Amino acid sequence: MDARRTWADEWLATLPSMAWLTVFFAVPLLVVFAIAFRPADPSGGVAEGWTLDTLRALDGAGYAAIAWRTLWISAVTAALCLLAAVPVGYGIARAERRWRHVLLLLVIVPFWTSSLVRIFAWKVVLHPDGWVKELLVACGLAQPDTLLLYNAGAVILAQVYTFLPFAILPIYAAAEKFDRSLIDAARDLGATRWQAFARVFVPGIRRGLLAAALLVFIPALGSYVAPDLVGGPGNELIGNKIAQRVFVDRNLPHAAALSACLTLAALAPLLGARGAMKRSRLPFYTILAALVFFYLPIAVLVANSFNASRYGGTWTGFSLKWYAQLARETVILRALANSLLIAVGAAVAATVLGTAAALALHRWSSRLQRAHYALIYTPLVVPEVLMGMSLLLLFVALGVSLSLWTIFLAHVTFCVSYVALVVLARLQDLDFTVIEAARDLGATRWQAARLALLPMLWPGIVAGGLLAFTLSIDDFVITFFVAGAGSTTLPIHIYSMIKHGSPPLINALSTLLLAVTFILVWVSRSLMEKHE
Amino acid sequence: MTSKMKWAAAGAVAAALTAGLFYALLSPARPVLHFYTWADYIKPELVERFEREHGCRIVLDTFDSNETMYAKIKAGASGYDLLTPTSYMVKLMNDQGLLQPIRRDLVPNLKHVDPEFLAVTIDRTMSHSVPYLLGNAGIAYRKDRVEKFEPSWTVFDRADLKGRMTMLNDMRETLGAGLKTLGYSLNSRDERQIREARDVVIRWKRNLATFENEAYKSGIASGEFLVVHGYGGDMLQVQRENPNVLFVLPKEGYVICCDDLVILKDAPQAALAHAFINFLHDPQVAAENSVFTRYRCPNAAAYPLLPEDLRNDPILFPPKDLWARGEIILDLGADNAKYVKAWDEVKAAR
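Protein chains in written order, with the working numbering: chain A, 1 to 532; chain B, 533 to 882.
Read the hints as simulated data drawn from the structure, not as lab findings.
Every value quoted in this text rests on a predicted model; they were computed, and no experiment measured them.
Incorrect hints may have been included.
What the hints assert, rightly or not - Derived BS3-like pairs (lysine-lysine); straight-line CA-CA distance at most 25 Å:
#, chain 1, residue 1, chain 2, residue 2
1, B, 575, A, 321
2, B, 737, A, 133
3, B, 694, B, 675
4, B, 675, A, 133
5, A, 499, B, 737
6, B, 797, B, 643
7, B, 675, B, 783
8, B, 737, B, 680
9, B, 783, B, 680
10, B, 737, B, 870
11, B, 575, A, 499
12, B, 694, B, 575
13, B, 797, B, 606
14, A, 133, B, 873
15, B, 797, B, 737
16, B, 870, B, 606
17, B, 606, A, 499
18, B, 852, B, 783
19, B, 643, B, 575
20, B, 873, B, 606
21, B, 873, B, 737
Just need the whole structure built from these sequences, with the hints factored in.
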């Protein structure tokens, strides 16, 4: 291949994601970070002049304790997620072809319902007078006055529950390609089961493991909604603090300074660290356990949708009234339509951009790609509150009126990184000679991509697209900032309902959506079987 | 393309079409009033009635806290006409020049607004805001599970209820409870008083399950929590389902909170917004809305139209001496920082 063609290819693959993230992420974010050097104005704005006072204030307010707590909780979350995700991802990848996508969907579909509603369901499961507690007491594992919630353990549970799919998808994408005969070969050559796993399988999917670790650990550092709901009065994380600074204290400079510190700290691993990984066995049982873990709150949610109680902690009788009421709620139906439209659109666009970005990152190792990687990676770590604020300021500065379009642009921006990292996991050890051979045999660039490259990448693209859809359909914080009048999405409405309204409507809606999804999966699977 | 890719593409197209169809069916064609408010904060039939009478559409968007809404509007988000922030936030928004004056000639029904309530509020002349619904913050408890309950903030000192009580995750509400317990105003600007209140709240914190603004409603209904600090309207709704939940206003004093109707300075449909405010203060409409939301609309002409149980409810209509101990939270401007500091210390304390 001549150098000019590679050069053109590299730019073609790099430019879309790089330009997108520069405009919608890097520039607005740097503007917001610069606010850290401006004095605060008590009305929530920024005063004139420049100052270093905010940075000096950062050694107070117990930040050291909060930072340490955030760090260890996120690290434990990441370790637990990997421990569970390796066997699950591997198990799905090794399942019979026709079951593979069904399993993948079974794992991911619970996450299409509102995370807030699922966390509420966990509270029902872990109720101080509930059956889990009684079971633990009966087994001698808990005292009658032990509290299962409002401690660090509950925060970790909620975090693992939230982030586990982020770990499963890249590991699946990497493991699907892994050649199982390598393990058999190692066993034949005298390796123990464990040796074969540690020496052959783990290195074979190292990119997937790395992506999984990053996709859990980094976003966990900045998260605050779940910790807020199940944590106790002493479990505040850095994400809670940043949200408090923006909304309650109305001190933007302080929030910007905290976020900049967090971002810098999380960029440290980019300077060369490698992920060290854990192990596990028994894929089938862990898939089963993971599914139970995922569907336990879903079961509560479905049960509560038929519960006459508005608050859903206790059973007060069977009722269909929430379904009847749902049919009259045009506000909710419109919010649902908005959410679906955006999630599908953003997932498609982010998948295209992210896949191209992953190809560029994998194929070339130039200085351009190093900058490109930093740009792809940073959105994972920036706290959502700041990202939402920076996008809103960008749209206002450009005179773009807020609408569904601005939500779409914002969602694509935060989804690209996730897709790119998942597809990247898939690309490990990819043999580019096949594509070069195709092109040498006269295939056009497009034909080579479509006929040689895409089929090899497909599981990674599916996993990335699913992740993007999942992130988009449940995003609240960023969406809230960039949503225009008349473009309320389902999570925005749910957050307001949790404060002020009746969550059972959401249980009924989620139950219907889950039912429709499962019917669609089942129908398309039987159609596909016929087709094959 | 492989068959799998075709299926995925077909799936994506089908989903987009469904959503698009939904959207087309539900999207408006008449003049549109954008009402930015809390969820379930207006009776849906009233919205429909106004739409019919004025040949318009009302699009409801929802926010989940005054602070997030303010951060968004302050940063320049526009397109909304009518909002329902809490009065302390109204003051701040007005100071920032975000609101337009109320044109009295367009809202004749303002004559029904309760003067007794206007006397304690911030915008007493209704120059830029009109009170919408009125509530209060106090304590709810399970009468079947808590013995010897006193209507006092000091219930949070009870070690026998450790881990089964919550207070609001709200710096002004919770430090305010501390201030009231000490006999101070909950709008105190005195650093010493705020420090004392901080120490009270730190003492309470050791007995709390958590600071919490959302799940306390389901928590008290299900018995997960036995005593919670929360809002009256919400608690009356819980009580309708579980009569073991009782709500009280603490004897030391409590927060009166009122959400006001305000029109944004750059509202595209200001005239329609005025008409809607007038509609909401029609006594019949106000009464109907109160019955739906279980909040009191401070509309004197609507009170006699309320059903007996609401009219005699001591929470919605506190007796005179208790009413006098309620206070409205004011925005303290630069003195806000004193509360921020105290609240940070509460959160960091062990």
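Here is what the structure says about each hint:
1. B/575 / A/321: holds, 17 Å
2. B/737 / A/133: Holds: residue 737 of chain B and residue 133 of chain A sit about 24 Å apart, inside 25 Å.
3. B/694 / B/675: Holds, at roughly 17 Å.
4. B/675 / A/133: At roughly 23 Å apart (the allowed maximum being 25 Å), residue 133 of chain A and residue 675 of chain B satisfy the hint.
5. A/499 / B/737: Holds, at about 22 Å.
6. B/797 / B/643: holds, 24 Å
7. B/675 / B/783: Given that 25 Å is the threshold and the Cα spacing comes to 18 Å, the pair holds.
8. B/737 / B/680: Status holds; Cα separation ~21 Å.
9. B/783 / B/680: Holds. Residue 783 of chain B to residue 680 of chain B sits at ~15 Å (cutoff 25 Å).
10. B/737 / B/870: holds, 19 Å
11. B/575 / A/499: Roughly 17 Å between the alpha carbons, so the hint for residue 575 of chain B and residue 499 of chain A holds.
12. B/694 / B/575: Judged against 25 Å, a Cα distance of about 39 Å means the pair is violated.
13. B/797 / B/606: holds, 12 Å
14. A/133 / B/873: Measuring from Cα to Cα gives roughly 38 Å; hence the hint is violated.
15. B/797 / B/737: Answer violated: residue 797 of chain B to residue 737 of chain B is near 42 Å, above 25 Å.
16. B/870 / B/606: Answer holds: residue 870 of chain B to residue 606 of chain B is near 23 Å, not above 25 Å.
17. B/606 / A/499: holds, 22 Å
18. B/852 / B/783: Distance of about 13 Å is within 25 Å: holds.
19. B/643 / B/575: holds, 23 Å
20. B/873 / B/606: holds, 24 Å
21. B/873 / B/737: holds, 17 Å
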